[in-house]
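Visitor: Each chain is listed here by its residues.
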Amino acid sequence: MKTFLAIILRDVTLGFRAGGGATQAAMFFALVSLVFALAIGPEPARLSALAAPILWAGALLSALVSLDRIFQSDYEDGTLDVLVETADLLELRVLAKAAAHWLSSLLPLIVAVPLFALLLNLPVEGYWPLLASLLVGTPALSLIGALAAALTLALRRASILVSILAAPLYAPALIFGVGAAEAGAAGAPSFVPTLLLVAASSLFALVFAPLAGAAAIRFNMS
Amino acid sequence: MNAALESRPDRQSRLAYRASLSLRAVSVSRAGRRVLAGVTFDLSPGEAIILKGANGSGKTTLLRAIAGFLPAENGAIEVQSGESTRSSASDRRACIAYCGHADAVKAPMTVRENLSFWARLYGAPERRIAEALASFALQALADTHAGALSAGQRRRLGLARLVIAAKPIWLLDEPTSSMDAASSARLVALIENHRREGGAVLIATHDRIEIEGARNFVLEALETA
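Chains as they are written, first to last, in our numbering: chain W, 1189 to 1410; chain Y, 48 to 272.
Pulled out of the complex, with its shape left as it was, chain W reads as follows (with noise of 0.2 Å):
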């Protein structure tokens, strides 16, 4: 458990030092926000309809451009040599890096949503729901990307390779992500059965990813 939280503190560490990525996701995060915004235009019940979808969409994107530094730093510079020396077990190895990844990329932009979603008039009854869809389900983003950059570790300037794989497997956490975010907004009571749909995609890369992804980083540096 020690290490487990060594390697989480140090990725979050690194993540928010110079060049670390964190900053850049969130970056992304309200770019991404603000050109839905203006490409939409100003009439507010355009905004209204589409903020949940944006702003998941807009943590999707922000969750793809920095997947790439999950493992490949650590391959390059040697420590996933070490890391996988000292492991007992390689797979909680990769849910840690996992972890670190959301810490570091998607819970600051989780933070940020109220701030984004006031810009695009998200209705008051909306927020929670969001946030609640966000925090269940951008684990998944985590999870599925740590497979994924373990998948191409080691090819060069692999980060578009990285994406295409990972946003096929994003898809189950966004439909029923924004479907949660858009039944909560409206009080319907497909709510709860559809955020725990979303928990369940969250729940099932906890299980796969860790497990693939370890596999896959014994077959690459092999």
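Hints in this document: simulated from the structure, not taken from any laboratory.
Be aware that a few hints might be false.
For lysine to aspartate or glutamate, the following DMTMM-like pairs were computed, each having C-alpha atoms within a straight-line distance of at most 25 Å [what the hints assert, rightly or not]: (1) Y:Lys99 - Y:Glu267; (2) Y:Lys99 - W:Asp1269; (3) W:Lys1190 - Y:Glu173; (4) W:Lys1190 - Y:Asp138; (5) Y:Lys99 - Y:Asp89; (6) Y:Lys99 - Y:Glu259; (7) W:Lys1190 - Y:Asp190.
Where chain Y lies over chain W, by a calculated footprint (3+ residues, C-beta under 8 Å) [claimed, not checked]: (8) 1196 to 1204; (9) 1262 to 1273.
Glycine included, every Cβ here is placed at the ideal spot set by N, Cα and C.
Chain W is already provided as a structure; the job is to place chain Y on it using the hints.
Guide: Just chain Y now, kept in the frame of chain W:
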């Protein structure tokens, strides 16, 4: 007295136990090409072997195979420690510290932060950080960001992991690259001390490195079809 205590070199030693390495007819391929074939040697506690060979002869491949990062196609790689024989990659790693070409150093972190992270990974006590700093004359640089270090200083920091890990078998790949004469001499002294404590060292290098009583093992590049 149990096997673990019998194999303990002495009370002052950093090492908790001794271990020997045995390779029997080891063959390794990479990307479909046979790189090593029939490699056989033993490395006993207190010994040092210097791996020689031209570029592409498989020195790094051999070290990575012993460290368990690459699978051996044929043959056996075993680590003997006390009464137990460790042949699986994960079991061998418990006795092996591997320092490859890359230093595993994070530039945005300070020297101390890098060492502290490794100490947590290896489950080493905090005092080893001070020992590692002293062993590689890095005390004055402890709070410097690794990104500001020279290549040689960075190499020393990467090798300081050996002190943190305190494993009986060291696998070193070009350990003196980028190092000045004084740093190389410091590393040689550390290797000698490790051998006195019962440790064993396998070094792949093109540099001239003077280690008393070290054996040379020459790898020949295999002909490719």
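Visitor: Indicate, hint by hint, whether the structure satisfies it.
Guide: How the hints compare with the structure:
no.	hint	in the structure
1	Y:Lys99 - Y:Glu267	holds (9 Å)
2	Y:Lys99 - W:Asp1269	holds (23 Å)
3	W:Lys1190 - Y:Glu173	holds (14 Å)
4	W:Lys1190 - Y:Asp138	holds (21 Å)
5	Y:Lys99 - Y:Asp89	holds (16 Å)
6	Y:Lys99 - Y:Glu259	holds (16 Å)
7	W:Lys1190 - Y:Asp190	holds (23 Å)
8	1196 to 1204	holds (count 3)
9	1262 to 1273	holds (count 9)
When held up to the earlier numbered hints, the structure conflicts with none and fits them all.
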